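There are 2 protein chains.
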Amino acid sequence: MSDPDRLAKLLSERRDRHVQELFELLRIPSISTDPAHESDVRRAAAWLRDDLAAHGFEAELLETGGHPAVFAERHVSDDLPTALVYGHYDVQPADPIELWTSGPFEPTIRDGAIVARGASDDKGQVFAHVKGAEALLEADGELPVNLKFLIEGEEEIGSRNLAATIEANRERLAADTVVVSDGAMLPGKVPTLTYGLKGLAYVELRVRTASRDLHSGAYGGAVPNAAMALAAIVARLKDADGRITVPGFYDAVVEISDEERAQLERVPFDDEAFAAGIGVSATPGEAGRSLVERLWVRPTLDVNGIGGGFQGEGSKTVIPAEAFAKISCRLVPNQDPARITDALAAHLASLAPEGSEVEVIRHAGGSWALSPIDGRSVQAAASAVRTVDGRDPVYVRTGGTIPVVADFQRLLGAEVVLVDMGLEDDRIHSPNEKFDVELYHRGIHLSAELLRSLGRA
Amino acid sequence: MSDPDRLAKLLSERRDRHVQELFELLRIPSISTDPAHESDVRRAAAWLRDDLAAHGFEAELLETGGHPAVFAERHVSDDLPTALVYGHYDVQPADPIELWTSGPFEPTIRDGAIVARGASDDKGQVFAHVKGAEALLEADGELPVNLKFLIEGEEEIGSRNLAATIEANRERLAADTVVVSDGAMLPGKVPTLTYGLKGLAYVELRVRTASRDLHSGAYGGAVPNAAMALAAIVARLKDADGRITVPGFYDAVVEISDEERAQLERVPFDDEAFAAGIGVSATPGEAGRSLVERLWVRPTLDVNGIGGGFQGEGSKTVIPAEAFAKISCRLVPNQDPARITDALAAHLASLAPEGSEVEVIRHAGGSWALSPIDGRSVQAAASAVRTVDGRDPVYVRTGGTIPVVADFQRLLGAEVVLVDMGLEDDRIHSPNEKFDVELYHRGIHLSAELLRSLGRA
Chain A
1 MSDPDRLAKL LSERRDRHVQ ELFELLRIPS ISTDPAHESD VRRAAAWLRD
51 DLAAHGFEAE LLETGGHPAV FAERHVSDDL PTALVYGHYD VQPADPIELW
101 TSGPFEPTIR DGAIVARGAS DDKGQVFAHV KGAEALLEAD GELPVNLKFL
151 IEGEEEIGSR NLAATIEANR ERLAADTVVV SDGAMLPGKV PTLTYGLKGL
201 AYVELRVRTA SRDLHSGAYG GAVPNAAMAL AAIVARLKDA DGRITVPGFY
251 DAVVEISDEE RAQLERVPFD DEAFAAGIGV SATPGEAGRS LVERLWVRPT
301 LDVNGIGGGF QGEGSKTVIP AEAFAKISCR LVPNQDPARI TDALAAHLAS
351 LAPEGSEVEV IRHAGGSWAL SPIDGRSVQA AASAVRTVDG RDPVYVRTGG
401 TIPVVADFQR LLGAEVVLVD MGLEDDRIHS PNEKFDVELY HRGIHLSAEL
451 LRSLGRA
Chain B
458 MSDPDRLAKL LSERRDRHVQ ELFELLRIPS ISTDPAHESD VRRAAAWLRD
508 DLAAHGFEAE LLETGGHPAV FAERHVSDDL PTALVYGHYD VQPADPIELW
558 TSGPFEPTIR DGAIVARGAS DDKGQVFAHV KGAEALLEAD GELPVNLKFL
608 IEGEEEIGSR NLAATIEANR ERLAADTVVV SDGAMLPGKV PTLTYGLKGL
658 AYVELRVRTA SRDLHSGAYG GAVPNAAMAL AAIVARLKDA DGRITVPGFY
708 DAVVEISDEE RAQLERVPFD DEAFAAGIGV SATPGEAGRS LVERLWVRPT
758 LDVNGIGGGF QGEGSKTVIP AEAFAKISCR LVPNQDPARI TDALAAHLAS
808 LAPEGSEVEV IRHAGGSWAL SPIDGRSVQA AASAVRTVDG RDPVYVRTGG
858 TIPVVADFQR LLGAEVVLVD MGLEDDRIHS PNEKFDVELY HRGIHLSAEL
908 LRSLGRA
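Those protein sequences? They're chains A and B, same order as listed. Take 1 as the starting number for the first sequence in the working numbering and just add one per residue. Take 458 as the starting number for the second sequence in the working numbering and just add one per residue.
Careful, some of the hints might be misleading.
Straight line, CA to CA, 20 Å or less: simulated DMTMM-like cross-link-like pairs of lysine to aspartate or glutamate [said to hold, decoys possible]:
#, chain 1, residue 1, chain 2, residue 2
1, A, K316, B, E613
2, A, K238, B, E811
3, B, K646, B, E729
4, B, K773, A, E204
5, A, K316, B, E811
6, B, K773, A, E313
Calculated directly from the structure, the hints in this document are not laboratory data. Small disclaimer: the values here were computed from a predicted structure and weren't measured.
Take the sequences, apply the hints, and build the full model.
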């Protein structure tokens, strides 16, 4: 049934049509954060539903309480494995609009790339899967797996209704493998498969030392200072070796295997280019760990913001009565976000200097996710990469957090593999967002081959 | 020539007139910061000039480039000492106006106090000196000292032209004693003489770690964090004993004498009321020093404000590339503000962690001032207090800084004594500012007796 030549011929013939169809989707300004675009968001969902329905899928909109999600399914056989492609059709606002060279919702091809809001994040990447599945279905007459799509409309506003939607539709969404394409390949268009994500714990520390700000002349030398108390606490969150001092923080951390470490060492990661690209003069961190290991495998802690006292121009001689810090940790297997949050909150309270009252507010976090490299899903994707790119993929983890991926693991029991199709410089969330045209066509081909591989696995 | 009964009788007869005259001055909205009130500011200056000229003084306006200063002089004899009264006729804005019970520029007496903007700060206090001198001149036929007034119109906007005005008029302003009344007595209407002020050094520390804010998922664990670097620096500015770690910081500090220490111990200062009034649960500071000593005699360091990274509602997973702290020191004899600023800047730079670039911006500071308790000026004021209040004054220093007072010492070579007439709860700079009527009359009497004491000294 499977005829590589037929698929290749079909993909070749349809290159222009695939671009034009993506353009249609990109023309719909589905900005999820802007109430003025609510009907556009729904229009994009309906457009995707109709496209999937026209090509062999049972497709519908799932109401979520917010923007709808597109759900589509082609059930082939109970004996076949089931894959679910997750993505999102909503986009970031286009501001600052004056920095766009062409209209953000008037897609065009410039310098070999499709330029439009959502081209890479994530309409282009998720639509590559839609087109790949449709092409494969037509070329082979049937899919080699059961296939589902879940394409949501609230990713850019925190996927606020997604966990509940997954939970409510658990059986319909059941899958062996979840495929997500919403990220970037390594620089140089190196085929990249991401098999691990970090989790997140996020708190806000508030320090109070007096009932009001005090004059530093009238009170200096005899009262606690909230900004200094905050600094004293923050300065003690890491030790001289860059290790996080929260008691028990590392207890659940799983050391990576020798195999995985060897794998990481083979990643073509350029430490100097990394530093130069962001203007840092040093790359400090946990002692005895490589830069890649710290970025992808080790848990981290950062202060995301601080404030307190007088922040205006010039000088004001005030002793701040209040100060705050936003503090977050990226977590790795098997750290539990709730437990780490508790431990962090207790640690912050324990570090409060004399005369300071500490309050810890908890913000939303998320769990880490990890799929085995040698598991069926990651290896199926690797096989597809070999077919399409003629080389082995590089296996990476990331310090980023996609709570929904952990939800898929936890609620659906699925393996998750992130098949990155974009590039680091795609300017997602920025003016002149783009998606390389050849990488779009590669993505369509890769998606089709991935389904074939999963069918064989 | 000096007849106590005659002065007393005259002050008693003129109580109502003295209040009505102050009311006239208070009715002029001389808000120096508001360009809309520029002519009112000048009107207040002219009113004071005319009042002084009508009562035996040569009086004029000194142009400063900003609002004018009132200068008045009565030269009696080259053989007599010269006193100069410094004060200001400009006032703070009245906002928030809706919180005033009566119009801020419609003075009225309520609960035994004159209620109006400027009643205590500083029209009421400086005008008590004007009325005291006028009454003494009339009662005794001549003043016992040469007397000058310098009443400026820019105190509430930082006295920005005052130092230059003093410098340009150095010979005309020459005096043996400068008297300032622009502060508060100790609680309980305890007669208070302030003989020492602290100086000020003020810098802004800016830390930069990268060319832009970075995503904590993509970069966490491998890059410096400006907010954390800032905290690390700030946390090291004091040691475990609360001593400031700037090298050489204490080198020039003069230990107070046993006599002065004994004096300080006699000050009726209630540590618990101090803490309760400002809602602090502890009064930490330099080890081995009493609270009063820390407030008035020891140099201090405070962070006045900090900021960096995400400060909005909720959470954002960013690694700040920049953070800042405003840091100031209150200085004591014989610390030099410029040298301390240099040492502080160098120390901040030396504390910068790996990967952080530090910039130090210098803000305006000011010098400390100190007059000997047993000197002629302070003791003349003490003698006047004994005559008027029937008790000894309490001698205090303050942690506050009035750069102009140091300028008087430095440029005029004068002793300075601060004869506080107001109360802590006078609501200066706030709605319903007030000045106790009896304290106003006491101030007039005290001013007259002070001139007598200075004449005898």
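Hints, verified against the model:
A C-alpha spacing of about 14 Å is found between K316 of chain A and E613 of chain B, which places the hinted pair at or below 20 Å, so the restraint holds. Taking the CA atoms of K238 of chain A and E811 of chain B, the gap is near 14 Å; set against the 20 Å cutoff, the hint holds. For the proposed pair K646 of chain B and E729 of chain B, the alpha carbon gap of about 19 Å is at most 20 Å, so the pair holds. Between the alpha carbons of K773 of chain B and E204 of chain A the distance comes to roughly 11 Å, so the proposed pair stays at or under 20 Å and holds.
The straight-line distance between the Cα atoms of K316 of chain A and E811 of chain B is roughly 30 Å, outside the 20 Å bound, and the hint therefore fails. This hinted pair does not check out: K773 of chain B and E313 of chain A have alpha carbons roughly 25 Å apart, beyond 20 Å.
Checked against the numbered hints above, the structure violates hints 5, 6; every other hint is satisfied.
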